[in-house]
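One letter stands for each residue in the lines below.
Protein chains: 2
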Amino acid sequence: MAASTTTSKPTPERIFNTMIAFQETEALKAAIELDIFTAIADGANSAGAIAAKTGASERGVRILCDFLTIREFLTKNDEKYALTQEAAIFLNRHSPACLASMVDFLASPWSRKNFGGLTEAVRKGGTANVTGDHTKPHEEVWVNFARSMAPLTIPNAEFIAGLAGAAEGKPCNVLDIAAGHGMYGITLAKRNSNAQIVAVDWPAVLEVAKENAAKFGVADRFSTRPGSAFDVELGEGYDFALLTNIFHHFDIPTCEKLMRRVHSAFKPGGKVIQLEFVPNEDRVTPPMAAAFSLVMLAGTDAGDAYTFAEYEKMFRNAGFAKTTLHPVPDMPQQVLLSEK
Amino acid sequence: MAASTTTSKPTPERIFNTMIAFQETEALKAAIELDIFTAIADGANSAGAIAAKTGASERGVRILCDFLTIREFLTKNDEKYALTQEAAIFLNRHSPACLASMVDFLASPWSRKNFGGLTEAVRKGGTANVTGDHTKPHEEVWVNFARSMAPLTIPNAEFIAGLAGAAEGKPCNVLDIAAGHGMYGITLAKRNSNAQIVAVDWPAVLEVAKENAAKFGVADRFSTRPGSAFDVELGEGYDFALLTNIFHHFDIPTCEKLMRRVHSAFKPGGKVIQLEFVPNEDRVTPPMAAAFSLVMLAGTDAGDAYTFAEYEKMFRNAGFAKTTLHPVPDMPQQVLLSEK
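Heads up: the sequence lines are chains P and W, in that order. Counting along the first sequence from 1, when you hit position 62 you're at 77 in my numbering, and nothing is skipped either side. Counting along the second sequence from 1, when you hit position 282 you're at 297 in my numbering, and nothing is skipped either side.
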């Protein structure tokens with residue numbers, strides 16, 4: 016959708032497109048569910064051939080593939096479809112960078128329900144869903160997250176491994192809180208064969224992380240502490256703690272409480288590495304980080320996309336004298352690094 | 016969402032944004048339901064003032080208004096929100112061009128359900144919903160359409176009144192099939208005080224059209240024939256027939272059947288005026304007309320956005336020797352004019 020606000024004569028086109036924007040999600044989701052991108056990667060290029068390969072109707076495939084062409088996920092020439100570069104890299108299941116699984120979480124029934132109650136959430140100032148207290152286990156939600164969202168972690172996880180000096184290979188103990196799929200700790204362990212990872216999350220979620228640790232060959236250095244990050248015994252003597260995509264779920268006092276628990280588990284000189292959507296002070300830039308606040312309004316009781324100043328103050332209150340901000344190249348999230 | 020397919024290094028941003036595009040619809044819908052745009056037009060400009068005026072929470076309003084700012088429906092300066100020109104014209108309920116009601120149809124539960132079954136619709140080649148045969152009454156759907164979608168008709172209706180020579184003021188009988196809100200016939204009657212309109216639609220839908228005819232002062236020249244366009248006695252001796260947004264609901268034989276019924280109700284020299292989304296032969300341009308095909312796949316058993324060549328052939332088979340295409344300035348739909 017092009018912004019029409021700067022043209023001299025406004026048209027209703029952008030408003031119309033926003034009112035039907037949900038169709039975009041459904042079209043991409045249907046194409047992923049039918050695995051149309053992989054079928055085209057495998058050589059099917061006409062509506063008939065794609066239909067045969069995906070078990071769908073030729074008419075349905077023709078209409079969906081035309082829509083995907085209009086949206087520049089495909090090209091169409093002489094009734095033959097092909098993948099755009101973007102689709103070939105990110106939507107074809109043969110590609111190591113394939114992100115297709117993310118739709119299972121981003122457009123899950125849970126997420127739809129959160130946003131389906133958005134009017135009520137704006138009225139009350141927090142989610143209209145019953146799952147808004149994220150200090151409580153909602154294992155079905157977070158197992159889905161862990162199974163779906165691992166592909167997007169790669170650049171962030173590599174960046175974090177770099178910040179943690181993984182290439183130096185020094186022995187270190189790493190606490191990964193709200194580990195989810197576990198890929199941040201696992202990536203660090205892959206890059207530093209002397210790193211030991213302790214992952215904290217709900218029991219069913221840690222099963223996914225353990226599968227990934229085995230898959231990436233670091234299972235012998237990957238242990239778990241199942242339970243709430245607010246209650247479970249965290250252990251002590253850690254060099255690094257990873258807290259990725261967790262603080263935005265809570266209000267400020269809860270964030271400070273969690274950070275104080277982390278503080279007490281640390282060696283002097285230990286570092287906490289956070290990954291978050293961090294909007295500027297205006298809260299409307301940069302767009303992806305700032306827009307994330309709405310996801311928290313829709314889905315949590317009191318979570319938010321906090322600014323750097325807010326995080327710096329929270330972490331200082333919890334005992335971390337210094338916090339610095341580190342943009343991840345080409346990614347919407349940012350890394351914060353807090354030192355004890 | 017910016018197209019990233021032409022950049023040298025594809026990023027996952029556009030795919031991510033498409034997976035969460037449904038959030039755009041929900042945000043705009045919530046803002047319309049809370050009437051935030053009108054509150055700002057009425058002078059509320061801080062989150063607190065907007066919250067007080069709309070009965071919502073300040074926190075919820077702040078987050079939603081920030082999101083609307085990111086999406087360029089609002090501006091934000093020094094914590095004060097203002098309407099963009101686009102929002103002032105099309106989303107503020109004081110504006111005569113306000114389109115806010117359209118979200119009630121475009122993002123209705125019925126439309127969501129149609130698109131929620133899109134994967135199955137692609138598999139079978141037609142809607143997965145039970146309401147796919149649009150020759151049958153689904154009055155709840157079409158009353159909602161009639162109540163919600165009238166605002167978008169204005170430019171098209173004025174264009175059609177012009178094509179029908181309304182300014183000349185000649186006496187004429189006009190048959191408006193699938194009249195819906197009735198605004199095409201009503202606009203023609205407003206522009207030609209010697210025009211008599213006969214509207215055909217389901218009974219409950221015609222009640223909305225009659226309200227509009229009274230509102231615009233043409234009730235004395237507006238009569239109705241309730242029932243199916245395929246069965247009801249249409250009458251005869253018409254100079255013009257209006258068939259707006261109807262053919263796309265059906266397969267080709269059904270379109271031809273309807274057009275033959277219209278043909279027999281006509282004076283020699285009579286003209287049929289259709290309004291449709293008409294994609295080019297490639298079926299992927301222009302984008303809005305071509306994308307409409309997916310709406311028909313999702314919601315009908317066998318409807319489509321037909322090309323001009325397809326329409327020309329259907330109408331010729333039904334007895335209309337000549338059909339011409341007339342783009343409506345600045346609008347995605349096109350008018351077809353068929354002569355007996």
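Hints may contain errors.
Which copy is meant is left open, because identical chains are indistinguishable; a pair holds if it fits in one copy or across any two.
[Stated by the list, open to error] Cut-off 35 Å, straight-line C-alpha distance, at most; resulting in silico cross-link-like pairs (DSBU-like, lysine-lysine): (1) K139 to K128; (2) K91 to K272; (3) K205 to K128; (4) K355 to K139; (5) K328 to K68; (6) K282 to K95; (7) K282 to K151; (8) K139 to K230; (9) K151 to K128; (10) K328 to K91; (11) K68 to K185; (12) K128 to K68.
Simulated from the structure, these hints should not be mistaken for lab results.
Now for the hints, and whether the structure bears them out:
In the homo-oligomer, the alpha carbons of K139 and K128 lie at most 35 Å apart both inside one protomer (16 Å) and across protomers (27 Å), since each shortest distance falls under that limit. Taking the shortest alpha-carbon separations for K91 and K272, only the inter-copy value of 33 Å comes in at or below 35 Å, while the best intra-copy value is 55 Å. Proximity of K205 and K128 under a CA criterion of 35 Å is satisfied in neither setting, with 37 Å inside one chain copy and 45 Å between copies. Taking identical chains as interchangeable, the C-alpha atoms of K355 and K139 are never at most 35 Å apart, the minima being 37 Å within one chain and 60 Å between chains.
Proximity of K328 and K68 under a CA criterion of 35 Å is satisfied inter-copy only: 33 Å between copies versus 56 Å inside one chain copy. In the homo-oligomer, the alpha carbons of K282 and K95 never lie at most 35 Å apart, since the shortest distance is 61 Å inside one protomer and 46 Å across protomers. Taking the shortest alpha-carbon separations for K282 and K151, only the intra-copy value of 28 Å comes in at or below 35 Å, while the best inter-copy value is 73 Å. Within a single copy, K139 and K230 get their C-alpha atoms no closer than 44 Å, and across copies no closer than 38 Å, so neither meets the 35 Å cut-off.
In this homomeric assembly, K151 and K128 come within 35 Å of each other (Cα to Cα) both inside a single copy, at 18 Å, and across copies, at 31 Å. When the C-alpha separation of K328 and K91 is checked against a cutoff of 35 Å, the pair qualifies only between copies, where the shortest distance is 25 Å, while the shortest distance within a copy is 53 Å. In this homomeric assembly, K68 and K185 never come within 35 Å of each other (Cα to Cα): the closest approach is 50 Å inside a single copy and 59 Å across copies. For a Cα distance limit of 35 Å, the shortest separation of K128 from K68 qualifies both inside one copy, at 33 Å, and across copies, at 27 Å.
Going down the numbered hints, you'll see the structure goes against 3, 4, 6, 8, 11, while the others check out.
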